[in-house]
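Chemist: Given next are the chains, with one letter for each unit.
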Amino acid sequence: MSGAILEVRHLSKSFGGHEVLRDIDFTVSPGDVTSIIGTSGSGKSTLLRCINLLEIPTSGQILFHGQDVTGKGVNPSRYRSKVGMVFQSFNLFNNMTVLDNCVVGQVKVLKKSRAEARENAMKYLHQVGMAPYINAKPRQISGGQKQRVAIARALAMEPEVLLFDEPTSALDPEMVGEVLSVMRDLANHGMTMLVVTHEMAFARDVSSHVVFMADGVICEQGDPQQVLTHPTQPRTRDFLARFMAQ
Amino acid sequence: MDKFIELGQDMAALWMQYWDRYLVGIRSTLILAVAATVIGCLIGLLCGILNTIPYTKNDPLLKRFVLKFIRVIVRIYVEVFRGTPMVLQAVFIYYGLPYFTDQQIMFRGNSGLWLAAIIVVSINTGAYMAESVRGGIISIDPGQTEGAKAIGMTHVQAMTNVILPQAFRNILPQIGNNFIINIKDTSVMFVIGFIEFFGQHRNIVGNNNMYFQSAAIEMIGYLTMTLIASFLLRLLERHLDGSSSYQLVQGDALTMTAGTYNHPSRGTPFDERSTEERERTRQALKHGRNRGER
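First to last, the sequence lines map onto chains C and X.
All letters in the first sequence, in the order written, are residues 11 to 256 by the numbering used here.
All letters in the second sequence, in the order written, are residues 12 to 305 by the numbering used here.
Heads up, some of the hints might be wrong.
[To be verified] Simulated crosslink set (DSSO-like; lysine-lysine; CA at most 30 angstroms straight-line):
1. C:Lys82 / X:Lys79
2. C:Lys92 / X:Lys68
3. C:Lys118 / C:Lys82
It should be emphasised that the hints constitute simulated quantities derived from the structure, not laboratory data.
Make the full structure from the sequences, and use the hints.
Modeler: Following this line, the structure appears as structure tokens:
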């Protein structure tokens, strides 16, 4: 496959004797918004963490522009700086202000000047509507605001792909909207995104590709309309039926 | 009541006669306590950092072996120096080092005495701080490390920029504890002949037998030092915590673009909305928008 940003090939991951992921295979092309859905414990988050090398895959390959990042001789830090990640629990640096959260990576990792990094950070903080809060510490802002800052922090590194690990699961329903609208905005601007989510409306309306996982394997994947409205697998149908019944 | 008046008079008389010696003692105590606490914290920091370098099964054997070895050494150091009295450690180092090295290493004269005292108290403080620092580092939410790694920071960068500043704030009360303990416990350095506040007291009462009266002066002196120390530490803690409020930054109206706003009081487009708006969003999310709208 030429032109793909990320290719996951036969990826497996075990914790001890417990196999969490089995033979995962999919491809992300530039501009794709891929939603990964499935029940809790199906390995969605582990998959995302493997892609960012926060977990080391047991076997299989992760190709970034065709190069296997799980192999030896690959600097995981340099790779991670090109693949942004947004966490369920935000993980903003508690010892820094909102602005410094978005500046520190650019200065320390990308070696930009402070002034340049600040200007860049402000651009993304504006985009997520958090520019007025640059002097606040993470503990002083709400969950939805924290997540928007976390998105700005990831964007400020100007990554080629952005991974979202259940970005709205820790938020109350009112704040889910503000984060989702930022994510929609990003998708509209052509950002390549890989989103683990329970927001079916988001998966259906925003993503270009949906992956349904169950018990550590990809059960079904494809066009969102097709997977979400005309699923072929019984597992997918069950999951969606239960989801819609809620 | 009479007893107290008499005690007060005796103390005043003692102070008038020996105030310069008491003050010199206080100065020695404080210099020793500050120096040993600072050096001890650096030792503790080093041990704590070395002790928390992560390794996985996939790392090369040599790296795992070295890290394991370091942990064992630090463990032994902590257990030995935490588990023995500082008085004896002082004797062991001051007299033991010359003994074992055939007088090659000796603590000569006054500067030797200072060196020995600082080494003993520092090593002792370091043993306590090593555990505090380790605890401080592992108490930081692993999410902080992951957040740092996710933007491409190395372990060292994550430690220096994210973890250690937070760990330092958490162990500051411990550092304060050790400083106050050091102010008091440096008094055991009399065993090697180091004259600090308590040492001066021993010399003074040797002349005049006013043992209890001088001890009362010592009590007040030590309490004053420790109270000032804890006050300053509180001040430092509050300074590190920073202000509890923050200033909203009003943007320049001309640079405003979509998605930003000029009136923080009216909320942002992403903030909590009115019920009506919320309902509209909910409907939109439920029924979805046309894909064409993207």
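Chemist: Which hints, by number, does the structure contradict?
Modeler: Violated: none.
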